[in-house]
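Trainee: As a plain string of letters, each chain reads:
Number of protein chains: 6
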Amino acid sequence: MDLKGRKIVVLAEEAFEDLELWYPVLRLREEGCEVTIAGSGSSDTYTGKHGVPVKVDRNSGEISADDYDGIIVPGGWAPDRLRRYDTVKNLVRRFAEQKKLLATICHGPWVFISAGVVKGYTMTCVEAIVDDLVNAGAVYVDREVVVDRNMITSRRPPDLPAFMREIINYLKTH
Amino acid sequence: MDLKGRKIVVLAEEAFEDLELWYPVLRLREEGCEVTIAGSGSSDTYTGKHGVPVKVDRNSGEISADDYDGIIVPGGWAPDRLRRYDTVKNLVRRFAEQKKLLATICHGPWVFISAGVVKGYTMTCVEAIVDDLVNAGAVYVDREVVVDRNMITSRRPPDLPAFMREIINYLKTH
Amino acid sequence: MDLKGRKIVVLAEEAFEDLELWYPVLRLREEGCEVTIAGSGSSDTYTGKHGVPVKVDRNSGEISADDYDGIIVPGGWAPDRLRRYDTVKNLVRRFAEQKKLLATICHGPWVFISAGVVKGYTMTCVEAIVDDLVNAGAVYVDREVVVDRNMITSRRPPDLPAFMREIINYLKTH
Amino acid sequence: MDLKGRKIVVLAEEAFEDLELWYPVLRLREEGCEVTIAGSGSSDTYTGKHGVPVKVDRNSGEISADDYDGIIVPGGWAPDRLRRYDTVKNLVRRFAEQKKLLATICHGPWVFISAGVVKGYTMTCVEAIVDDLVNAGAVYVDREVVVDRNMITSRRPPDLPAFMREIINYLKTH
Amino acid sequence: MDLKGRKIVVLAEEAFEDLELWYPVLRLREEGCEVTIAGSGSSDTYTGKHGVPVKVDRNSGEISADDYDGIIVPGGWAPDRLRRYDTVKNLVRRFAEQKKLLATICHGPWVFISAGVVKGYTMTCVEAIVDDLVNAGAVYVDREVVVDRNMITSRRPPDLPAFMREIINYLKTH
Amino acid sequence: MDLKGRKIVVLAEEAFEDLELWYPVLRLREEGCEVTIAGSGSSDTYTGKHGVPVKVDRNSGEISADDYDGIIVPGGWAPDRLRRYDTVKNLVRRFAEQKKLLATICHGPWVFISAGVVKGYTMTCVEAIVDDLVNAGAVYVDREVVVDRNMITSRRPPDLPAFMREIINYLKTH
Numbered sequence: 001m002d003l004k005g006r007k008i009v010v011l012a013e014e015a016f017e018d019l020e021l022w023y024p025v026l027r028l029r030e031e032g033c034e035v036t037i038a039g040s041g042s043s044d045t046y047t048g049k050h051g052v053p054v055k056v057d058r059n060s061g062e063i064s065a066d067d068y069d070g071i072i073v074p075g076g077w078a079p080d081r082l083r084r085y086d087t088v089k090n091l092v093r094r095f096a097e098q099k100k101l102l103a104t105i106c107h108g109p110w111v112f113i114s115a116g117v118v119k120g121y122t123m124t125c126v127e128a129i130v131d132d133l134v135n136a137g138a139v140y141v142d143r144e145v146v147v148d149r150n151m152i153t154s155r156r157p158p159d160l161p162a163f164m165r166e167i168i169n170y171l172k173t174h
Numbered sequence: 001m002d003l004k005g006r007k008i009v010v011l012a013e014e015a016f017e018d019l020e021l022w023y024p025v026l027r028l029r030e031e032g033c034e035v036t037i038a039g040s041g042s043s044d045t046y047t048g049k050h051g052v053p054v055k056v057d058r059n060s061g062e063i064s065a066d067d068y069d070g071i072i073v074p075g076g077w078a079p080d081r082l083r084r085y086d087t088v089k090n091l092v093r094r095f096a097e098q099k100k101l102l103a104t105i106c107h108g109p110w111v112f113i114s115a116g117v118v119k120g121y122t123m124t125c126v127e128a129i130v131d132d133l134v135n136a137g138a139v140y141v142d143r144e145v146v147v148d149r150n151m152i153t154s155r156r157p158p159d160l161p162a163f164m165r166e167i168i169n170y171l172k173t174h
Numbered sequence: 001m002d003l004k005g006r007k008i009v010v011l012a013e014e015a016f017e018d019l020e021l022w023y024p025v026l027r028l029r030e031e032g033c034e035v036t037i038a039g040s041g042s043s044d045t046y047t048g049k050h051g052v053p054v055k056v057d058r059n060s061g062e063i064s065a066d067d068y069d070g071i072i073v074p075g076g077w078a079p080d081r082l083r084r085y086d087t088v089k090n091l092v093r094r095f096a097e098q099k100k101l102l103a104t105i106c107h108g109p110w111v112f113i114s115a116g117v118v119k120g121y122t123m124t125c126v127e128a129i130v131d132d133l134v135n136a137g138a139v140y141v142d143r144e145v146v147v148d149r150n151m152i153t154s155r156r157p158p159d160l161p162a163f164m165r166e167i168i169n170y171l172k173t174h
Numbered sequence: 001m002d003l004k005g006r007k008i009v010v011l012a013e014e015a016f017e018d019l020e021l022w023y024p025v026l027r028l029r030e031e032g033c034e035v036t037i038a039g040s041g042s043s044d045t046y047t048g049k050h051g052v053p054v055k056v057d058r059n060s061g062e063i064s065a066d067d068y069d070g071i072i073v074p075g076g077w078a079p080d081r082l083r084r085y086d087t088v089k090n091l092v093r094r095f096a097e098q099k100k101l102l103a104t105i106c107h108g109p110w111v112f113i114s115a116g117v118v119k120g121y122t123m124t125c126v127e128a129i130v131d132d133l134v135n136a137g138a139v140y141v142d143r144e145v146v147v148d149r150n151m152i153t154s155r156r157p158p159d160l161p162a163f164m165r166e167i168i169n170y171l172k173t174h
Numbered sequence: 001m002d003l004k005g006r007k008i009v010v011l012a013e014e015a016f017e018d019l020e021l022w023y024p025v026l027r028l029r030e031e032g033c034e035v036t037i038a039g040s041g042s043s044d045t046y047t048g049k050h051g052v053p054v055k056v057d058r059n060s061g062e063i064s065a066d067d068y069d070g071i072i073v074p075g076g077w078a079p080d081r082l083r084r085y086d087t088v089k090n091l092v093r094r095f096a097e098q099k100k101l102l103a104t105i106c107h108g109p110w111v112f113i114s115a116g117v118v119k120g121y122t123m124t125c126v127e128a129i130v131d132d133l134v135n136a137g138a139v140y141v142d143r144e145v146v147v148d149r150n151m152i153t154s155r156r157p158p159d160l161p162a163f164m165r166e167i168i169n170y171l172k173t174h
Numbered sequence: 001m002d003l004k005g006r007k008i009v010v011l012a013e014e015a016f017e018d019l020e021l022w023y024p025v026l027r028l029r030e031e032g033c034e035v036t037i038a039g040s041g042s043s044d045t046y047t048g049k050h051g052v053p054v055k056v057d058r059n060s061g062e063i064s065a066d067d068y069d070g071i072i073v074p075g076g077w078a079p080d081r082l083r084r085y086d087t088v089k090n091l092v093r094r095f096a097e098q099k100k101l102l103a104t105i106c107h108g109p110w111v112f113i114s115a116g117v118v119k120g121y122t123m124t125c126v127e128a129i130v131d132d133l134v135n136a137g138a139v140y141v142d143r144e145v146v147v148d149r150n151m152i153t154s155r156r157p158p159d160l161p162a163f164m165r166e167i168i169n170y171l172k173t174h
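Residue numbers (UniProt numbering), protein chains in the order written: chain A, 1 to 174; chain B, 1 to 174; chain C, 1 to 174; chain D, 1 to 174; chain E, 1 to 174; chain F, 1 to 174.
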């Protein structure tokens with residue numbers, strides 16, 4: 001329970017990758033961290049790509065990065081929707097400006113690309129979007145988890161243990 | 001990575017509760033623990049109640065409790081199937097005889113009831129099967145997680161953080 | 001039309017075994033019997049495990065056993081839900097107290113276990129729940145249909161012809 | 001068990017109306033009648049419109065009307081497929097030539113239309129196909145069940161009790 | 001854009017054959033033709049047999065054939081529903097009386113059969129309903145597209161290119 | 001039939017946007033054009049996002065751009081898969097080198113981005129991927145269809161009539 005008092009936002013939209021949302025949420029709660037699941041505002045509940053449901057706590061427009069220690073963006077098709085919302089992109093930019101934790105996995109980096117916060121970072125992602133990430137100015141490497149300053153990225157669901165190990169380690173030390 | 005070298009069996013069958021299987025599997029891997037997903041033998045792959053798939057590593061008949069530190073039984077409808085197999089029930093009994101970790105959640109205690117290993121234990125479970133658990137000789141309490149000697153039980157998916165906190169604590173101290 | 005004037009309750013909840021609900025309902029109607037489909041109150045319509053829908057006539061809390069000749073509990077996953085409701089369990093107990101027909105098939109006996117009415121009865125059920133039935137005090141036998149005083153039980157959908165033959169015979173003779 | 005020794009064919013194809021196939025099959029078995037579920041030959045198993053599966057015993061081309069007392073055609077979309085097969089139409093014609101029981105419900109009369117056996121019969125059917133039935137030379141009436149010589153017809157699933165009451169009565173008296 | 005100023009009705013109901021509705025709608029729009037998608041009135045939106053959705057513009061009862069150049073009826077199971085509505089059948093009859101374009105494919109001719117407008121026409125259709133079409137007084141031929149005066153018919157989705165080629169040619173020349 | 005003798009490749013993968021694949025395929029066939037549906041090689045059949053199936057004619061690795069007049073990439077999630085295959089990207093590059101038609105809609109431009117052929121083109125696309133397109137060096141405009149030399153692009157299914165009008169016009173004049 002070493003993260004008691006810490007607060008993290010996890011973004012949600014339709015067709016999120018089920019485990020990429022739920023593993024971080026449950027894992028952080030296990031450490032005593034307070035997790036807020038934030039949607040785009042299009043609905044109060046979403047269903048994962050495989051079918052696991054999630055209820056949203058708040059909409060991204062109602063949240064201030066000042067109140068949180070970082071933001072996590074799960075993959076699946078949800079990022080394709082999330083990146084269309086100004087409230088989502090503005091929220092991510094505030095976290096970036098405050099040098100707070102930016103963590104994402106699989107197709108999640110699309111949201112960071114559209115928020116304009118990936119330039120100069122060394123990152124990883126699912127194979128399909130490597131070109132989008134590189135065109136946006138990031139340095140791509142193929143590793144299960146990459147930590148570059150306040151940016152933590154992974155590739156796919158089997159990387160989740162490594163992804164959360166680094167996120168928790170980061171939060172304990174920052 | 002404090003559980004490097006430790007080994008746990010997680011049972012799987014059709015219609016497992018998606019997060020109750022996957023959260024323990026990923027969580028233990030995060031700690032460096034080796035997880036074997038064991039099925040009844042009816043198939044090599046199963047689909048969760050909501051739709052998340054899992055690939056089985058071994059069948060319950062091919063595994064010896066001697067090689068593992070404990071067994072976890074997720075809920076959903078999978079326990080209704082698992083409890084029909086002698087190989088499953090025998091495997092659970094070997095863990096019980098060796099006083100190794102017996103952990104289960106939601107509808108999972110059905111498997112322990114049919115293996116005949118719950119008598120005298122204080123346990124929790126999903127509301128629906130309380131009568132079955134009590135009739136089998138357990139003492140039921142309504143708490144997010146109950147630890148009684150080598151038996152750890154929880155009620156439902158929102159209890160997963162507490163469930164795994166106790167399982168990991170147990171494995172680190174036994 | 002030999003059961004004209006007789007009245008039977010059939011319980012329904014989400015994920016009932018489609019034919020185990022509908023065969024008794026249609027069969028009794030063929031005999032002129034009045035059938036009331038009673039739910040737990042959680043919804044007005046339910047969908048069977050395979051997908052056949054049913055509309056509920058009344059909720060279990062609005063029904064008095066005094067007005068009926070017996071109660072039938074179909075299987076599937078519906079019994080796992082039905083047994084959680086006090087109105088359902090109380091209704092079953094009133095039928096038991098009045099020594100009226102108690103009939104169930106497959107996973108249906110779970111409802112009778114939670115209502116506390118199986119002790120001392122010789123019964124059958126689906127393989128998966130034999131231990132729960134025995135732990136609750138019933139004597140289990142493996143036969144397509146078992147009639148013990150006012151209790152009639154069967155195992156699975158292929159037993160439906162034998163199950164209804166005995167139920168109709170019982171109602172004609174009691 | 002008054003129909004012991006009698007034999008009936010029930011036709012099956014993809015998207016049969018679930019209860020219109022299964023209620024007659026189980027009901028006749030309850031009376032001791034031997035039921036053969038016969039498909040078009042396109043598959044060994046079919047799934048009902050709602051999702052209930054059925055396994056076929058024989059293909060329509062392997063069956064002789066000489067060995068049976070009648071044929072029943074359930075509704076749903078299955079009749080739209082069945083009527084395309086010569087083996088199906090020939091089988092129906094043999095039953096008609098031998099003046100054996102021809103029973104059908106809902107959209108099932110399409111099969112009898114294509115077999116050319118409805119001319120001059122008074123029949124009922126689902127509202128949608130009344131024009132097809134009349135154009136084929138039948139006399140249409142709107143009743144829950146219609147018995148005209150060896151032809152028994154009904155309209156929809158709620159008519160099943162009346163439908164089977166007349167079929168069983170017919171078989172007991174012919 | 002040679003059909004600018006021309007107007008066509010396309011009928012829709014639940015379980016329409018997805019491409020048989022959408023190919024004509026999009027194709028006519030490509031030519032500048034104004035397309036009105038008209039339903040039976042049972043709903044504002046329908047889902048195709050495979051899953052493509054459609055939003056209805058108007059109900060068949062609110063439309064006058066005087067304002068349109070013709071009507072197209074897609075196949076699938078939608079025609080089985082459409083033919084039950086008097087507003088649908090009356091609308092088709094008005095088009096027929098005015099000798100305007102009557103076009104249909106696959107199971108669509110059922111609607112024209114029930115509207116009583118096929119007698120004496122040479123037509124084609126899906127194999128399953130040939131008997132219904134012939135019994136209604138049409139002359140059946142097996143060709144990808146048949147044009148007989150103001151009636152244009154085809155058999156199945158692969159015939160759509162030929163079907164629309166003739167429909168567009170007809171509208172350009174009438 | 002003005003495109004007789006012309007040949008076009010349409011790319012397919014799982015979860016293609018149903019109408020964005022099928023409208024171009026049927027439309028070109030209506031003009032007499034020979035269409036080859038080419039997959040990535042992962043399967044012989046794919047299912048659209050909504051459920052319409054498609055059978056693949058050839059794999060992208062077996063096709064030479066020399067034999068065709070252009071290539072069309074439908075949207076949906078299929079582009080996310082297609083862009084991972086070297087055979088797909090190489091095929092697109094050969095079309096680009098030969099200045100042959102490159103047409104795409106919705107999420108389809110992802111494939112052209114990964115093939116490296118969008119730099120300097122004025123293009124449109126679905127809102128979600130505008131940043132990816134701009135980062136790859138294209139000039140984005142928000143119009144139903146954009147023609148820039150041999151590149152034709154549209155945004156979403158309602159643009160299909162405009163999209164195909166320009167594609168056919170292009171093929172008739174080049």
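Rather than coming from a laboratory, the hints here were simulated on the basis of the structure. Take these hints with a grain of salt, some might be off.
Identical copies look the same in the list; a pair holds intra-copy or inter-copy alike.
DSS-like, lysine-lysine: derived pairs with alpha carbons at most 27 Å apart [unchecked claim]: (1) Lys49 - Lys172; (2) Lys49 - Lys4; (3) Lys100 - Lys172; (4) Lys119 - Lys89; (5) Lys99 - Lys49; (6) Lys49 - Lys119; (7) Lys55 - Lys89; (8) Lys55 - Lys119; (9) Lys172 - Lys4; (10) Lys119 - Lys4; (11) Lys7 - Lys55.
These numbers were taken from a predicted model, which means no experiment stands behind them.
Trainee: A separate judgement is required for each hint: does it hold in the structure or not?
Mentor: Now for the hints, and whether the structure bears them out:
no., hint, result
1, Lys49 - Lys172, "neither (31 Å within a copy, 35 Å between copies)"
2, Lys49 - Lys4, "neither (31 Å within a copy, 32 Å between copies)"
3, Lys100 - Lys172, "within (13 Å within a copy, 32 Å between copies)"
4, Lys119 - Lys89, "both (15 Å within a copy, 26 Å between copies)"
5, Lys99 - Lys49, "neither (31 Å within a copy, 39 Å between copies)"
6, Lys49 - Lys119, "neither (29 Å within a copy, 33 Å between copies)"
7, Lys55 - Lys89, "within (21 Å within a copy, 32 Å between copies)"
8, Lys55 - Lys119, "neither (32 Å within a copy, 38 Å between copies)"
9, Lys172 - Lys4, "both (10 Å within a copy, 21 Å between copies)"
10, Lys119 - Lys4, "neither (32 Å within a copy, 37 Å between copies)"
11, Lys7 - Lys55, "within (18 Å within a copy, 34 Å between copies)"
Checked against the numbered hints listed earlier, the structure breaks hints 1, 2, 5, 6, 8, 10; every other hint is satisfied.
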